Amino acid sequence: MPLFEELATALIIIVRYGLSNSIIVSALAFFLGLILGFFLVFIEVLGGRSASLAVNSLVTILRGVPPVLLLFIIFYGLPSLGVSLNNITSAIIGLGLISSAYQSQILRSSIQVVVARQMEAALSIGLSKWSAYTSVILPQVLRLSLPGLVNEYTVILKDSSLAYAIGVVEAFTQAVHIAQARFEYFTPLLAVALLYFIICFSLSQVVNYIYLKLRVLGYGG
Amino acid sequence: MGDEKILIIEDLHKYYGKHHILKGVNLQVDEGETVVVIGPSGSGKSTLLRCINLLVKPDRGRIIFDNEEITSGKIDVRKVREKIGFVFQHFNLFLHLTAIENVMLGLTKVKKYPEEKARKIAEEALLSVGITEELWGKYPAQLSGGQQQRVAIARAIAMEPKLLLFDEPTSALDPELIGEVLKVMEKLANEGRTMIVVTHEIGFALKTADRVVFIDDGRIVEEGKPEDVILNPRTERAKRFLSSIKELYRLE
Chain A
1 MPLFEELATA LIIIVRYGLS NSIIVSALAF FLGLILGFFL VFIEVLGGRS
51 ASLAVNSLVT ILRGVPPVLL LFIIFYGLPS LGVSLNNITS AIIGLGLISS
101 AYQSQILRSS IQVVVARQME AALSIGLSKW SAYTSVILPQ VLRLSLPGLV
151 NEYTVILKDS SLAYAIGVVE AFTQAVHIAQ ARFEYFTPLL AVALLYFIIC
201 FSLSQVVNYI YLKLRVLGYG G
Chain B
222 MGDEKILIIE DLHKYYGKHH ILKGVNLQVD EGETVVVIGP SGSGKSTLLR
272 CINLLVKPDR GRIIFDNEEI TSGKIDVRKV REKIGFVFQH FNLFLHLTAI
322 ENVMLGLTKV KKYPEEKARK IAEEALLSVG ITEELWGKYP AQLSGGQQQR
372 VAIARAIAME PKLLLFDEPT SALDPELIGE VLKVMEKLAN EGRTMIVVTH
422 EIGFALKTAD RVVFIDDGRI VEEGKPEDVI LNPRTERAKR FLSSIKELYR
472 LE
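Just so you know, the protein sequences line up as chains A and B, in that order.
Reading the first sequence from the start, the letters are residues 1 to 221 in the numbering used here.
Reading the second sequence from the start, the letters are residues 222 to 473 in the numbering used here.
The reader is advised that the hints may include incorrect statements.
To be verified - Derived DSS-like pairs: lysine-lysine, alpha-carbon spacing no greater than 30 Å straight-line:
1) 404/B with 129/A
2) 226/B with 359/B
3) 213/A with 359/B
4) 295/B with 129/A
Treat the hints as calculated values from the structure; they're not laboratory data.
Keep in mind it's a predicted model, so treat the numbers as computed, not measured.
Chain A on its own, in the form it takes in the complex:
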């Protein structure tokens, strides 16, 4: 078989039998990270000094853990404590936990920017602090954080290949399986690399587009 054809078949197999797990793991890990990230930032912004210190330490710890180590701890380690999770769930939780640390930082920096610019104005028209957050601060924080969050998703998507180590059959695992069956590694690995590239490149274009939109709204630029 000529190279191109081999590449194409490998790509088709990876997309059909591996990509969905990559998307499921990365998307759910992303949303878990977003929810936890919001939660962390909420504690950090509204809680006192000790709450903020606790959040900071947690973030530092999470950022210091190699993702694959955390996946092993959850999948192989937790059963000793009586908590057994399947491999996909373990991957989602592990990657989501680590991502929450990064996402909380992304959200925190935009909250600081928006609060500095807009909180006084929101309060001055008589809004409660809660309304100020829901009607003025958060809508802008989400817009402002969007480029960073999309970037963070591409990081999780790539990291989801680590789920290979605990036996999740996602895109990278599928590529390896093809390689082992064919006794040839280069083409399937090239195929899966291409796949990651196409997705990440498209998302980076989306980020550029968001930046343009944000400039219209007067953020940065």
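Use these hints to put chain B onto chain A, whose structure you have.
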């Protein structure tokens, strides 16, 4: 109108850490009066304004607004702010909302007016500051500084405040845009609104103010009719400050 006092400030003190920003300010404002506050930067003018609508909590002293002591603990801060319009130096429009949505937000979220009623009031407020229909759907970043500040004024007056506070409303504007904002403020003053304006625009003060207050180092050093304070200041400190401002104007 009449001589009823809408605002009485007694012995107001504010500290930021060790810095003693306000050192016992006493000020009374009649209904319908326009008071211009001048003074060097760092003298406490902005802090004074922010104390009045409780964006900053005073450390000592009393503020009585609309016959109610607002410095007492049990006051509903939101109710007070609802009755006091604030115009910021940097406009501080809500960037994710269009011009008209900026004006409507307080009407729907604070006054709980229905959408249509809020829209109607917002339209009137925008027209009264010279923001015409084609600009209503624009985002703040698509407007000039002068337009943004006029939308900010509309946002404040749409709430029908009993007192309007202006914190250097023209300091962030390009020189050619200052006039349009001052004209709107002049109109508001002539309509009989009660206003406290912190500004360096002594031309505006001479033309529009009923009273000028000179603040230095956290204290009111001099106050009186605009002609007296601006053209014939009595204190050494006010003389120095005003001559430097007049110098600047002569050079321009």
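Hints and how they fare:
In summary, the hint linking residue 404/B to residue 129/A is not supported, as the alpha carbons are separated by about 33 Å, beyond the 30 Å threshold. A C-alpha spacing of about 39 Å is found between residue 226/B and residue 359/B, which places the hinted pair above 30 Å, so the restraint is violated. Distance hint between residue 213/A and residue 359/B is fulfilled; the C-alpha atoms sit about 14 Å from each other, no more than 30 Å. Taking the CA atoms of residue 295/B and residue 129/A, the gap is about 17 Å. The hint holds against a cut of 30 Å.
Violated hints, in rising order: 1 and 2; the structure is consistent with all others.
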